[in-house]
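Peer 1: The hints should help you fit chain W onto chain H, whose structure is shown.
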Amino acid sequence: MRLAQTLIIVLLTPILLLSYLLAKFVFKKQIPSWLIKTAVSILGVVFFVRYMYDNDAIRNTVAGVNNIFSNTTLNKLAVVLVWFTYAAILLVVFQPFFKVKTLKNLVKFFAFPMSIITLCCTQITTWSIMGASAYETFNFRGILIALEAVLLFVCAFIIFVENGAFKITKKEVLYFFISILPVLLVTMPSFAPQTFFGTPTRFQHVTDLSFQHRLVLYGAVIIPFAIYFSIFKQNYETKRFVLLFICVATLVTYSLNKKFDSFNIIEHPSWLPLHLCNTAMYILPLCILFKWDKLFYFTYFINVFGAFIAMLMPNYSETLSILSSSIVSFYVNHYIAFFMPILLVALKIFERPKLKQFIWSMVAFAIYFSLIIFINALFTNFDPGVDYFFTNSDYVADKLGSWAETLRLRFVWSVNLGKYTLVFYPLYQFLFFLGYVAIGVGVWFVFEQCYQITDVYADMGSRRARIKLDRLALERQRESLSEEEKQEMAERKVELKLIHFTKRYGNSEVYAVKDANLTINGGEIFGFLGPNGAGKSTIIKSIVGIQPITEGRIEVCGYDVDSESVKAKHEIGFVPDHYALYEKLTGREYINYIADLYGVSKEDRTKAINKYVELFELQAAFDNQMKTYSHGMKQKIAIISALVHNPKVWILDEPLTGLDSASIFQVKECMKQHAAEGNIVFFSSHIIDVVERICDKIAIINKGKILVCKSLNEIENEGDGLEKYYLNMISRAHNFNIPVHEKSSAANVEVALDKKKANEAYKNVFGIDNFLD
Amino acid sequence: MKNGFAKSVIDIKTLVLMQLKNKLDLSFLHNKKKALLKISLMLLGIIGLTAVVYLLFYVATLLRLFSFGFLFPISVVNVIVTVYLALSIIACTVGLMKSLFFSSDNQFLLTMPVKKTDLFLSKLIVYYINELFKSAVFIIPVMVAFGLINSLPIYFYLWLIVCVFIVSAAPVAVGALLSIPVMLVTILFRQNKVVEVLSVIVVMVLAALLVAKLIMILPENINIVGKWSILYWEIQDFLVAFAKWTYPFYCIMCMIVGPVMGLPAKDFSINSGLLVLAVIAGIILITVLAFLIAKPVFFKMASTPFEYRKKLIKKHYKNHKMPAFFSGVKKEAIGMLRTPEKLYSLLFVALLLPIAILFLNKIFNAMSVRLTGTYMTIVFNILIILLILLSSNSVMAKVFSEEGSAHYLYKTSPQKFYVSLLPKLVIHFLVMTTSLGVTVYVFSFFSNLTTANLAIMFFLCFFLFVAHLFLSAELDIMSPQYDQYQTTGQGSSSENKSVIWAFIISFIVCAFSYLLINEDSQTVYLKVMFLALAFMVFRIYMFFEKVRLYYRQPYGEGR
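For the record, the sequence lines run as chains H and W.
Sequential numbering of the first sequence, starting at 1, is according to this note's numbering.
Sequential numbering of the second sequence, starting at 1001, is according to this note's numbering.
Just chain H, with the same shape it has in the complex (with noise of 0.2 Å):
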């Protein structure tokens, strides 16, 4: 046999390494892709079949000792040659399916040295599989492992060549020696924790929440976070690939016990991998590979829980070591079978599940679940000892106690078919089938609420990233002025001003404000009038903050109500359409509290108190609790809260609503004074003889845009009355079929219209002739 590996691989490595070589470089022909795919897959058959065809014997190792080599460290070397190569392989086969860049890099830094490697080290690989005595006879399975290194290293060196070869750069560099380790753990064999450390005693008894045991409970809440935070920014294909990896590489691991011989029924009927955590392994990557959903959730619902519960109730011996092969073997199959559905959700590959899902993967339980009871009762012809999905014997009954193994016992079904004889457990069967569905509904609820807190998570993450962005902008923007737009804000100019600002509530298609542009100076009293609903609040609200903004931007003498909150609520004395007023205080002491957060000193608040309790006459109440006052006592105290820090902008949402004449009238007072100041008063109001005698400059706003932005002497020269000219905007903008167009500025919106068809409109609805003329 050592003169046929030898004859494989010299001969055909220089046949196909020549045939490659001429046609890429002597005839300059493009080595199409499904070549490559083709040779990869060819040499992922060899490898299976050379893999799956018998056991390994190096994987009796023990602390380097071993019946293959004299030598402990050869054995350890031997043990790493095997791993490297597995590794190697893995890498080669899944790289003409994945464009991951990471991917070629390992192929051809890691893997295709390796492959040389494997090729000079043939020898070594043939005596670690096949033992001391593999070339003492011919053995099918030791040409296979000749046609494998060759196959290897050709698929290497051609990957290498068409990847650029040496071309690396240093972030690839990085990412190669970031992502070889966790390659190599997974494909890691559950041999070599005990080949390399043996199996001390200190670390047996991996059971009962011991704490070996809980260490590696914690690895696998530990494992999964690790991947999901390492790849979770990546692209589909990326995350794609890397959970496939994970799946198959640790497949190859678990079948280090499952060879082809698990599969023989009539010698072994209690090896095949039926267990529900064994059928993970294989399901998993199919359902990667070929995107089976259906199967997936089967996955999802029912084996996680039963991969938990395996875990924390194992049933091996007490006495393995935790560097013992079953014990990493058994391991691996249960961190695949827990956390690898839950990753493959949470990393988008498969979609959150829906009652749908649900429903189908209980289906299929029940299919899995039929043809595991009536396997067992065929194979127990054959091995007592089969009991898949501990359907069969009392293994679950025990722990749940004597009233379980009762009722087990109880109703028995036997059945023959031929020479066999079936046993079934009718009811306890029945029950343990809806235990584990009502399980199912458990879980579903589980990961729902998971999925609501990653869903928190996952948009905290966004919400930070978008303050960072606006903040960005925000200094990109300041940097951008000229040098006078600097002096001037550096000034803090009394101004208000409205830039595209645009509102939606929610995930709302409708806009409440769009496009809003308003400025507004120091020394103005500006009235906003509008109908009920059509936005005046929510632009008010959005400027003082209770809101935040959808589009656009609100400056308050030049600080940004965004991003530069603090200072600009600074500026902003606030009066809302309803006070709400800590009633348990007096008037003083909430004038203080507003005070303080204000930071007013104490002679400056005293001032602003003395002077306004005086003007709205609250001398002989101030000091009583609030739930004494009346409507007007209400609404004054929050105009004093709104102007005991002397702000710049004082805004009012409909203020005068209830008041009587006297405190009207007093309000008026304090606005003209507050403007005459040099501040900006900006109020809300319906009452429209209110707003004609004290604004300066009004704005109209209907269904969220401004209609109209004018002085109140330039609508007075237009020759109607404010009312006029106000129910005059308003029905312009409602659905008359008037054709209209808007021109508008950063400013002001002229709305210019057809003037016959607004006329007919008009006659029609109010029945006045020539309205407009």
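Since the hints were made in silico from the structure, they are not lab data.
Cβ coordinates follow ideal geometry from the N, Cα and C atoms, glycine included.
Don't take each hint at face value.
Reference listing, derived: stretches of chain W covered by chain H, where coverage requires no fewer than 3 residues with Cβ under 8 Å from a Cβ of chain H [to be verified]:
#1 1330 to 1343
#2 1445 to 1451
Straight line, CA to CA, 25 Å or less: simulated SDA-like cross-link-like pairs of lysine to any residue [what the hints assert, rightly or not]:
#3 Lys1416/W / Asn646/H
#4 Lys627/H / Lys1032/W
#5 Lys1032/W / Gly1048/W
#6 Lys668/H / Leu1409/W
#7 Lys584/H / Val1395/W
#8 Lys627/H / Lys1098/W
#9 Lys1321/W / Leu656/H
#10 Lys1330/W / Glu495/H
#11 Lys567/H / Pro1323/W
#12 Lys584/H / Val1185/W
#13 Lys1497/W / Gly442/H
#14 Lys1411/W / Gly442/H
#15 Lys468/H / Arg1548/W
#16 Lys584/H / Phe1189/W
#17 Lys602/H / Pro1414/W
#18 Lys1411/W / Ala580/H
#19 Lys611/H / Pro1414/W
#20 Lys1411/W / Glu551/H
#21 Lys584/H / Arg1548/W
#22 Lys1331/W / Gly599/H
#23 Lys1411/W / Glu495/H
#24 Lys1497/W / Val456/H
#25 Lys1330/W / Gly442/H
#26 Lys627/H / Gln1484/W
#27 Lys627/H / Lys1416/W
Partial list, derived from the structure: chain W residues whose beta carbon lies under 10 Å from chain H [stated by the list, open to error]:
#28 Gly1048
#29 Ala1051
#30 Lys1318
#31 Phe1326
#32 Leu1371
#33 Gly1373
#34 Tyr1375
#35 Tyr1408
#36 Thr1412
#37 Met1478
#38 Met1542
#39 Glu1545
#40 Lys1546
Peer 2: Relative to chain H, chain W alone:
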């Protein structure tokens, strides 16, 4: 006069029916089927209750708990009925005080063309009817079960029905009389909140000390079965003494069943007849006294406006500047003092915690346990502390929503949000931390833990308390219910979630501790403490982060 009397009767009847309709839901009477169903359900309820009480009495007689013979002694029923009547008196006193003097419907009723006397009587009658229903539901099942177990004759049950009518009048009469001083105290408290708060705190502390003293009376070594012979006679002595201390109530019991201690009388006698007359006379006397004293006060109070008297402030108040955070704490403290119900609830829980641990450990100490038992005792103590401590945080799950419309102030004020929000947590934090310290101190008297371990235990509970506090506050921040609180004053699901988390955290910590304790009892709590610290740091971070990201733009709103 005859006409006047007839008119009074009609007026009283009208007023009573009107007030009853307002107080009770009698809509089912209009529908025969509904009425039948409701009455049947009520009867079934009474029968069910009777069955349960009978079972309890039966078990007590079987175990010879209160008597050597197969009988249930009157002295035990006396205790039950006395406690019930005492509680009824308290409920009637408070209820009548509110109904007679502070009810908002008084202003409407006073405008009716009826005599004030009739109005007063109608209120008493309404209360009497209400009390009758309650007594029927409680006294009848207890006494019927008593009659059945002692094989009393049939006329006992008929006489019982008559007695229920008489007995129901007692708490109403006493309540009407006591409502006057209680009303005066209430007015005093309403006008002087500081006096109210101090008085209530003093009463609560005294009650806590009394309970603690009672707990300390418990014997060192509880061995109920071994010392039953001594315990039995102590119980008998207590029952006799109780009957002596509560003689009026005992008279009522005797009126119902007969004036014999220990065993019930089976026949009516002249003595029992005189007793009945004495009880009825006593009730009538109290009622007349209440009528004579309360009626004039009632009219005066009923016509007083309900707004608080505004004081003419002559004192000159100054304005003071404080940092915003402390100003917020001061505002919360003022609000709490002026709405003291929250303060009372907080203090109640704060006092309950050490009392509960004292009681628990007194019981545990009286038992002899092995090492595993000692470990379990410590774990159980931690569980109880955490359950009470963390459950108290459920109020924090509505602390921001309770602001209602006033929450806009936090968003418009020129401060970082948490400067405005954190003051709401301070008072609760301080009170419960103090309570925790006292609790651990109390626990130290019963356990063999070193000072270091006690400190670890304190910090373990403290870290979890703070973590859960911020978690509860975060639940409110993420789904605020401002409008709901503004309009209805009702709670949200965040409180329930907070309580659920309290239970989950408590049980996980204790399960974890118990699992680890068998491995290493020295360091287990240190490990759990560090985990708790990490949890606390995480939760505090998440709170601040979520306030930063979500307070202005709630979850679900996109840009």
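Peer 1: Now tell me if each hint is right for this structure.
Peer 2: Hints, verified against the model:
1. 1330 to 1343: holds (count 6)
2. 1445 to 1451: Check failed, 0 qualifying residues.
3. Lys1416/W / Asn646/H: Holds, at roughly 20 Å.
4. Lys627/H / Lys1032/W: The hint is violated at about 47 Å.
5. Lys1032/W / Gly1048/W: Between Lys1032/W and Gly1048/W the Cα gap is close to 24 Å, so the pair holds against 25 Å.
6. Lys668/H / Leu1409/W: Holds, because 24 Å separates the two Cα atoms, which is no more than 25 Å.
7. Lys584/H / Val1395/W: holds, 19 Å
8. Lys627/H / Lys1098/W: Since the Cα atoms of Lys627/H and Lys1098/W sit roughly 21 Å apart, the hinted pair holds (cutoff 25 Å).
9. Lys1321/W / Leu656/H: violated, 31 Å
10. Lys1330/W / Glu495/H: violated, 35 Å
11. Lys567/H / Pro1323/W: Judged against 25 Å, a Cα distance of about 17 Å means the pair holds.
12. Lys584/H / Val1185/W: holds, 21 Å
13. Lys1497/W / Gly442/H: holds, 18 Å
14. Lys1411/W / Gly442/H: violated, 40 Å
15. Lys468/H / Arg1548/W: holds, 13 Å
16. Lys584/H / Phe1189/W: holds, 16 Å
17. Lys602/H / Pro1414/W: holds, 18 Å
18. Lys1411/W / Ala580/H: Holds, at roughly 13 Å.
19. Lys611/H / Pro1414/W: holds, 23 Å
20. Lys1411/W / Glu551/H: Since the Cα atoms of Lys1411/W and Glu551/H sit roughly 19 Å apart, the hinted pair holds (cutoff 25 Å).
21. Lys584/H / Arg1548/W: violated, 29 Å
22. Lys1331/W / Gly599/H: Holds. Lys1331/W to Gly599/H sits at ~16 Å (cutoff 25 Å).
23. Lys1411/W / Glu495/H: holds, 21 Å
24. Lys1497/W / Val456/H: holds, 17 Å
25. Lys1330/W / Gly442/H: It is violated: about 47 Å lies between the C-alpha atoms, which goes past 25 Å.
26. Lys627/H / Gln1484/W: holds, 21 Å
27. Lys627/H / Lys1416/W: violated, 29 Å
28. Gly1048: Where the cut-off is 10 Å and the nearest Cβ of chain H is about 30 Å from Gly1048/W, the hint is violated.
29. Ala1051: violated, 30 Å
30. Lys1318: holds, 8 Å
31. Phe1326: Interface hint status for Phe1326/W: holds (8 Å vs cutoff 10 Å).
32. Leu1371: violated, 19 Å
33. Gly1373: Result: violated, 21 Å to nearest chain H Cβ.
34. Tyr1375: At 16 Å from the nearest chain H Cβ, Tyr1375/W fails the 10 Å test, so the hint is violated.
35. Tyr1408: Given a least distance of 5 Å, the restraint on Tyr1408/W holds.
36. Thr1412: Constraint on Thr1412/W satisfied, holds at 5 Å.
37. Met1478: At about 8 Å, which falls below the 10 Å cut-off, the nearest Cβ of chain H leaves the hint on Met1478/W intact, so it holds.
38. Met1542: holds, 9 Å
39. Glu1545: Cβ of Glu1545/W sits 7 Å from chain H, so the hint holds.
40. Lys1546: This interface hint holds because 7 Å falls under the 10 Å limit.
Checked against the numbered hints given earlier, this structure breaks hints 2, 4, 9, 10, 14, 21, 25, 27, 28, 29, 32, 33 and 34; the rest are met.
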